[in-house]
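Q: Taken in sequence, the protein lines are chains A and B. Each residue of the first sequence is one higher than the one before, starting from 1 at the first, in my numbering. Each residue of the second sequence is one higher than the one before, starting from 1 at the first, in my numbering.
Keep in mind that the hints were calculated from the coordinates and are not lab data. Glycine residues also receive a C-beta, built at the ideal position from the N, C-alpha and C atoms. Heads up, some of the hints might be wrong.
As the list claims (entries may be wrong) - Cβ-Cβ distance ranges computed for the label pairs, FRET-style:
hint : chain 1 : residue 1 : chain 2 : residue 2 : range
1    : B       : 73        : A       : 103       : 41 to 49 Å
2    : A       : 195       : B       : 69        : 19 to 27 Å
3    : B       : 252       : A       : 188       : 30 to 38 Å
4    : A       : 66        : B       : 104       : 54 to 62 Å
5    : B       : 277       : A       : 78        : 57 to 65 Å
6    : B       : 73        : A       : 69        : 41 to 49 Å
7    : A       : 166       : B       : 317       : 42 to 50 Å
8    : B       : 17        : A       : 166       : 32 to 40 Å
9    : B       : 73        : A       : 179       : 18 to 26 Å
10   : B       : 69        : A       : 93        : 36 to 44 Å
11   : A       : 167       : B       : 65        : 49 to 57 Å
12   : B       : 333       : A       : 68        : 29 to 37 Å
13   : B       : 65        : A       : 164       : 22 to 30 Å
14   : B       : 65        : A       : 103       : 23 to 31 Å
Unchecked claim - The following residues of chain B were derived to be distant from chain A, with all beta-carbon distances above 10 Å:
hint : residue
15   : 35
16   : 57
17   : 141
18   : 142
19   : 222
Listed here are the chains, written in short residue letters.
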Amino acid sequence: MNKSKEVFFQGFIKENPIFRLVLGMCSSLAVSSTMIASLGMGVSVIFVLVLSNIVISSLRKVIPDMVRIPAFITVIAGFVTIVQLLLKAYLLEINNMLGVYLPLIVVNCIILGRAEAFAAKNSVGYAALDGLGMGIGYTIALLSIAFIRELFGFGSLFGFRIIPEEYTILILTLPAGGFLVLGFLMAVWNKLAALQGKPKAELHCQTCPVAGLCGEGLIRLQKTDDVEIKDEYIKSDANIEKPDDSVIYIDGNIKPDTEEETI
Amino acid sequence: MISAKSQEQNHLVIASSPHLRSPRTTTAVMGNVLIALLPIVIATAFIYGCRVLLSIAVAAATAILSELLVQKAMKKRQTIQDLSCIVTAIILVLNLPIDFPLWQLIIGTIFAIIVVKAAFGGLGQNFANPAVTTRIVLVSAFASSFAKNTEPLARALLFSNSTPDPGLSASMDSYSSATVLVLLKSGVTPEKLRTLRDLFLGIQKTTAIGETCAIAVILGGLYLLFKKIIKWHIPFSYIGTVAVLSFLFGGFDMQFMLYHLLSGGLLFGAFFMATDYSTSPLTNKGKIIYGISLGILTSIIRFWSNLPEGVSFSILTMNILTPHIDRFTKEKPFGENQQIKDNDRC
């Protein structure tokens, strides 16, 4: 019971597909400008994710390892076609709103990723729970991006006007605004995950093009990567007095004089 | 510079650079930038009236408050006293039209301080110039506020020898809101525009406040050069490249070239925004590459895109490329083994 609880809830915050795993960015940025489109997309993804997880999990002993990816894609494409035909038949408006991003669910990394990482290794019950949890996490993420983008970008929520048109911020309805909102919500989710005891994702200095040039980068590289080596070095050279602070400056200052210009 | 304490104990202290520190503080640098901005503020306040001062006051107050709050929230050291947020606020206001709505200005200032500056680590670590980035964000957020071009007050026109617009009086209506660059783009010959003296003194229609008065911008820029706050490399290579390119592609027309130099945000951008320390290359060679690229980009946008002005876009583009320029123009430390490649060291 405990494991199923964990499997179900991990998609919400800890392994949220958009904010923590950063999967399926393309479609989520495209449809998250309005709440209705996000809800339509989220429900479609939940449907496809749950059913494909169930089928793939029950076929996991039949599918040969060599051809598993084509097999997964075939299963997923089958369910996406079902969703597409259902939407075309009963909810044509949402189908038009999602446009090309609906058939693109086939290649959405979340679904293939869960099939590969979870459904192919776990029993049917857990796979269904995982699909449901991940799908709900995806929908929550889409809706929270869309809430900000639609409220401040269009001045409405689910199409109902809340803020007068002259006070709306156009950029939020554009892809650039989507990236901005995504970045900030990602920070919020990192914080939430940190509160749950999950380490926050960290960008290392190696990714920065000026890592070799900037003093901060050098210090940080030493701190993160060569901690053991540096400590040994200091221990072996016992003549050198080690100040309390780990960063040593040549002019004897323990802390950097940030008041002075360091260009 | 080894401190007295470590000398006493005969200890060698090992550290990475910087080993030499300039006695000049951030506060002094920013204070000098404020002094350099003063002629522009005074000139534009004279030309447009008190609205400029109101905008600056609102933006500065917002900037100080948001810097205070964001540094509290991020548990960073308070750096309000270094004046940098006030400089950002004033440059931002000078980048906007005169009747820019105050609530949009407040959103923009908060964006500049919190998103462009604080989110990337604060002053000195921001990869893009806050004022330029915010201007571009505001252009795409509130496009309609930029559509109206700013008209100088009547009292400023008293100094003009071409009241109100002799060359254009026939087509006043269609051109009444167009800036010089828009007119040049639509094929109006320079003879029909306001005289160069008007551009120089600041009696021109502009999109942004800061571009109005060329002579005030030049005065401020020369003060910065004289005080050695900025080096000549970026502004001169930038303006020089635009001059050469507009002379070549404007059909070897001296007047056309001068219009391109004196109107639009070129001078203001070259002296005050392209030279931002943390967003421009470190070495002199890198600065010249940066300036020439800025000039080429600005000219491309002005001549061959459907925008009349491209200073802010080119500065933001080059800000993003600055780390790469830095990497390729890195100076070799004395005595370094040339066979050790860059990648092995980092």
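Q: All the hints need checking, so say for each whether the structure fits it.
A: Here is what the structure says about each hint:
no., hint, result
1, B:73 <-> A:103: 41 to 49 Å, "holds (43 Å)"
2, A:195 <-> B:69: 19 to 27 Å, "holds (22 Å)"
3, B:252 <-> A:188: 30 to 38 Å, "violated (58 Å)"
4, A:66 <-> B:104: 54 to 62 Å, "holds (59 Å)"
5, B:277 <-> A:78: 57 to 65 Å, "holds (58 Å)"
6, B:73 <-> A:69: 41 to 49 Å, "holds (45 Å)"
7, A:166 <-> B:317: 42 to 50 Å, "violated (31 Å)"
8, B:17 <-> A:166: 32 to 40 Å, "violated (52 Å)"
9, B:73 <-> A:179: 18 to 26 Å, "holds (22 Å)"
10, B:69 <-> A:93: 36 to 44 Å, "holds (43 Å)"
11, A:167 <-> B:65: 49 to 57 Å, "violated (21 Å)"
12, B:333 <-> A:68: 29 to 37 Å, "violated (53 Å)"
13, B:65 <-> A:164: 22 to 30 Å, "holds (26 Å)"
14, B:65 <-> A:103: 23 to 31 Å, "violated (49 Å)"
15, 35, "holds (17 Å)"
16, 57, "holds (22 Å)"
17, 141, "violated (4 Å)"
18, 142, "violated (7 Å)"
19, 222, "holds (21 Å)"
Of the numbered hints stated above, those contradicted by the structure are hints 3, 7, 8, 11, 12, 14, 17 and 18, listed in ascending order.
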